[in-house]
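Enquirer: If you want the building blocks of each chain, they are given just below.
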Amino acid sequence: MANKSFYHFLGCIIPHRYPSVEKAVKLVFNDLGMGLLDMDGATCCPAPGVFGSFDRVTWATIAARNLTIAEAGGHPITTGCNGCFASLWDANHELKHDDELRDAVNENLAVVDREFKGTIEVWHYVDALVEIAGLSKIREKVIRPFTGVRMALHPGCHWMRPKNIKQKDDSERPHIFRELCETSGATYVPYKDELICCGAGGAVRTADVKIALEFTMQKFDSLNAAGGADMMITPCPFCELQLDMGQVEIQKYFEKEYTLDILHVVELLALAFGHEPDEFGLATHLQYMQRKTAPAWEKLGIKMEES
Amino acid sequence: MSCLITKSSIEFAYITYSRNRILRPFGNGFKDEIQAHLRSRCIILTSAEDKTAIDIDTPDDSFVQMIKKTGGPNIQNCYQCGTCSGSCPAGARTNYLVRGIIRKALLGLKEQCISAPELWYCTTCYTCTDRCPQDVKPTDVIKAIRNIAVAEGYMLEPHQKTALKVLEAGHAVPLDKESWENLREKVGLERVPPNASRYSEAIEEIKKIAKKTGFDKLIEEKKQKEE
Ligand code: SF4
Ligand code: SF4
Chain C
0 MANKSFYHFL GCIIPHRYPS VEKAVKLVFN DLGMGLLDMD GATCCPAPGV
50 FGSFDRVTWA TIAARNLTIA EAGGHPITTG CNGCFASLWD ANHELKHDDE
100 LRDAVNENLA VVDREFKGTI EVWHYVDALV EIAGLSKIRE KVIRPFTGVR
150 MALHPGCHWM RPKNIKQKDD SERPHIFREL CETSGATYVP YKDELICCGA
200 GGAVRTADVK IALEFTMQKF DSLNAAGGAD MMITPCPFCE LQLDMGQVEI
250 QKYFEKEYTL DILHVVELLA LAFGHEPDEF GLATHLQYMQ RKTAPAWEKL
300 GIKMEES
Chain B
0 MSCLITKSSI EFAYITYSRN RILRPFGNGF KDEIQAHLRS RCIILTSAED
50 KTAIDIDTPD DSFVQMIKKT GGPNIQNCYQ CGTCSGSCPA GARTNYLVRG
100 IIRKALLGLK EQCISAPELW YCTTCYTCTD RCPQDVKPTD VIKAIRNIAV
150 AEGYMLEPHQ KTALKVLEAG HAVPLDKESW ENLREKVGLE RVPPNASRYS
200 EAIEEIKKIA KKTGFDKLIE EKKQKEE
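Taken in sequence, the protein lines are chains C and B.
Under numbering that gives the first Met the number 0, the first residue of the first sequence is numbered 0, with each subsequent residue one higher.
Under numbering that gives the first Met the number 0, the first residue of the second sequence is numbered 0, with each subsequent residue one higher.
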């Protein structure tokens, strides 16, 4: 399965707010011999919370337009965002199984000379890494293991739920994401609220950021009650934004201070594969930019030349 | 979002609060604390004391049929076990009660369902969907009710703005400042990514699609209503 290529669906948050993830995934996929092709003219997935809640057919049509770009090139799509995955994977699945929706969508797509054919698959980075590259190959590439670093996880919702449709992992006791993160050599720290939502989804962050941040605080408090961790890993940039920049917002709205380094799983792997943080700009996370701080290098076990 | 806090809702909130969090001893300052807590978080609560109960004689099932068509086909499977609400992280901190909304829908209380501000507190985490013993797919039911709410003009302004951004820039979170381009350059990427931020043709296609589905009007109409 070597040299498999994917259309790289960027979405909005990765290229426009957390570009370090875009750079990190390029390094990691390249190291593993997997290709990432530009998906010229792809738009918003579109945001499943807002568009899915507003009008299902418009949501499915815009998602299908993105799918047709990949269909034309004949490669599967990969995305590193749970939200984009929720739109593209779910729309692809629904359009393949619901003829009525498919007809409605294709009628809409005709105005831009496109047609959904249902010929490609959509992969989350996590699935591409686990199923195509494989954990053993990933372990071989790890030259800077995170030995002794305590790692909490936030798998997020949409890459594994709804479980009966996604048929991937047991959403009550998931293991795939943990096993991928554990290849880095870090020590997994469980906490009670690991599996609850970060609070950002479903258009809630947009509607009422304070309520969204309450979810986030619940997660951090639960982690602290379990003894805390040195970093938290997530497979989603929207969760990353909520957990990372959310710390700044929590301080503003609730006067509670949390400082925890939040990494996307491809950032974790890029570091584990020996790339320097500056190669993909780990320090550009919005938490650090706004607080004028830097990652806790020592806790992460990373030696920086200039401090 | 507006705040609506009444005396009886404070009592109710106390119960909810003490159930969800560590029980604290009663004290004179406690109610004040709750009140302040609620104000600070804009939680909207109601109880039968504030609002007269609705008499339900013969349920009108047209709303249920509408939901079934709009993406919640299994709503009638619900036997009100409450697993969904018991699993719901949004319900743990707001008055959003997914089981209650489903029951209201089954009783044909359309207006109550679509006008409820708490309808928008579901984060679509799908925990209820994964746990519902009757395969109701409550998340999809809520999304279907939201679709109907929007079609009837109930839409929050921030959501409308996000939707507009997709029609204008091709992205809900656009590359709308030079500082974002600088951030990209800093990590060693091209300043503008190869998505709709680079290709204006893509935005044109989105506009055409929105026109065809009537989505542009859906958002415009709301704009006029607000004026
Ligand atoms: S879990 Fe399912 S059956 Fe039980 S109340 Fe919720 S929707 Fe109804
Ligand atoms: S999907 Fe919505 S209703 Fe269901 S548990 Fe999550 S927040 Fe609650």
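Hints are computed from structural coordinates only; laboratory data are not their basis.
Glycine included, every Cβ here is placed at the ideal spot set by N, Cα and C.
Hints are supplied without guarantee of correctness; some may be wrong.
Sample of chain C residues at the chain B side, in silico, Cβ under 7 Å [said to hold, decoys possible]:
(1) Leu9
(2) Val49
(3) Val111
(4) Cys196
(5) Gly200
(6) Met216
(7) Gly273
(8) His274
(9) Glu275
(10) Pro276
(11) Gly280
(12) Thr283
(13) Tyr287
(14) Gln289
(15) Met303
Enquirer: Out of the numbered hints, which ones does the structure contradict?
Expert: Violated hints: 6, 7, 8, 9, 10, 13, 14, 15; rest satisfied.
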